[in-house]
Amino acid sequence: MRPHLSLIPTSFGLCLLGSSVSLLLLNLESWDGEQGPLSASVPLGTVIALIGITIVSMTWLSAWILSQQMIQLIRQLTEYLLQVQAGDCDRPMRGLIWSRDLVHELNRWSSLLVDILHAHYRIETDLRESEERYALALQGANDGIWDWDLRSNRMHYSSRWKTLLGYDEETIGASPEDWFSRIHPEDLLSVKVSLAAHLQGETPHFESEHRLLRGDGRYGWVLVRGLAVCDQQHQTNRIAGSLTDITARKQTEEQLRYEALHDSLTHLPNRTHLIQQLQQTLDTVRVHPQYLAAVLLLDL
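Residue numbers (the UniProt record's numbering): 1 to 300.
The hints are simulated quantities; they were obtained by calculation from the structure and are not laboratory data.
One should not assume that every hint holds.
Derived DEER-like restraints, expressed as beta-carbon distance ranges [what the hints assert, rightly or not]:
1) His156 - Trp64: 48 to 54 angstroms
2) Glu169 - Ala293: 41 to 47 angstroms
3) Ser181 - His288: 31 to 37 angstroms
4) Glu129 - His205: 44 to 50 angstroms
5) Asp231 - Ala260: 20 to 26 angstroms
6) Ile123 - Val193: 38 to 44 angstroms
7) Leu189 - Thr236: 19 to 25 angstroms
8) Pro176 - Thr284: 52 to 58 angstroms
9) Asp231 - Ala196: 14 to 20 angstroms
10) Gly217 - Arg122: 19 to 25 angstroms
11) His184 - Ile116: 43 to 49 angstroms
12) Ile123 - Thr78: 35 to 41 angstroms
13) Arg218 - Glu129: 38 to 44 angstroms
14) Glu259 - His184: 23 to 29 angstroms
20 angstroms max Cα-Cα, derived EDC-like pairs, lysine to aspartate or glutamate [claimed, not checked]:
15) Lys192 - Glu169
16) Lys162 - Glu177
17) Lys192 - Glu177
18) Lys192 - Glu207
19) Lys192 - Asp147
Virtual Cβ for every residue (Gly too), placed ideally from N, Cα, C.
Given only the sequences and the hints, what does the whole structure look like? Please build it.
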């Protein structure tokens, strides 16, 4: 076999010499006696696997040696303390100088581990406090939360979102249609236009006031706000926001508008309402000259 070693060209390999790792480059082509080298070769994945196994083995071996040294050191310290307790303080402790570097290394790793644990604890504490503040803020704001994953086209509606509209957990699923299908037909187009404008980067945020069908069959006014998120390729992949019930505010605004345009005694349209209607009619005539209009004024 020795005369044929020249038939094996050097490429890549790995061997372990003593306590050090040496890398040898061997092209592991198989050969068959006097017939010369064959065409089979060792795959690169096999070589990488061998390297990984060797590294793991060396790590385990180092840990095992360190553990044995620790056990030996603890045993020596225990024996020395028992001797001191028995009154024998003159006998030197063998291996104390030999173990000084080991003790220093153990202290260093112990301090590092403590620092890592403290840092991890601080991160967990800060995260928990942040989540608590966020939950309290949501409860105080009385808003529902929605989160739309544009890649999977799935939408998350918070429990508060469903409660504000009078729905239970099972009624609302995880589809955007659970929202769009409940928008009042007169408001649907404006909502989609505003949403598309924000997703295309034309507006800094999404905001829309529209009517949504409630669980009791009536429509309620809501204020929906959201903000889109982009990935590393600057592609919008997510949008999330809040939903606020503004039905009471809209009812108050409508009542004030009605009182401003109608007489408080007769509830008939007043002069302000007349002027407003005249202005709208004149604007229509300017845009569409073929539009005909007439004004009939009765002085009672």
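Status of the hints after comparison with the structure:
1. His156 - Trp64: 48 to 54 angstroms: 49 angstroms, holds
2. Glu169 - Ala293: 41 to 47 angstroms: 54 angstroms, violated
3. Ser181 - His288: 31 to 37 angstroms: Holds - the Cβ-Cβ distance for serine 181 and histidine 288, about 35 angstroms, lies within 31 to 37 angstroms.
4. Glu129 - His205: 44 to 50 angstroms: Once the Cβ atoms are compared, 27 angstroms apart, the range 44 to 50 angstroms for histidine 205 and glutamate 129 is violated.
5. Asp231 - Ala260: 20 to 26 angstroms: 49 angstroms, violated
6. Ile123 - Val193: 38 to 44 angstroms: Check passed, 42 angstroms falls within 38 to 44 angstroms.
7. Leu189 - Thr236: 19 to 25 angstroms: Hint holds: Cβ distance 21 angstroms, inside 19 to 25 angstroms.
8. Pro176 - Thr284: 52 to 58 angstroms: Cβ of proline 176 to Cβ of threonine 284: about 37 angstroms, so the range 52 to 58 angstroms is violated.
9. Asp231 - Ala196: 14 to 20 angstroms: Distance hint for aspartate 231, alanine 196 holds at roughly 19 angstroms.
10. Gly217 - Arg122: 19 to 25 angstroms: 51 angstroms, violated
11. His184 - Ile116: 43 to 49 angstroms: 56 angstroms, violated
12. Ile123 - Thr78: 35 to 41 angstroms: 38 angstroms, holds
13. Arg218 - Glu129: 38 to 44 angstroms: For arginine 218 and glutamate 129 the Cβ distance comes to about 40 angstroms; the hint holds.
14. Glu259 - His184: 23 to 29 angstroms: 25 angstroms, holds
15. Lys192 - Glu169: Outside the cut-off at roughly 25 angstroms; violated.
16. Lys162 - Glu177: The hint holds at about 14 angstroms.
17. Lys192 - Glu177: 12 angstroms, holds
18. Lys192 - Glu207: 11 angstroms, holds
19. Lys192 - Asp147: 16 angstroms, holds
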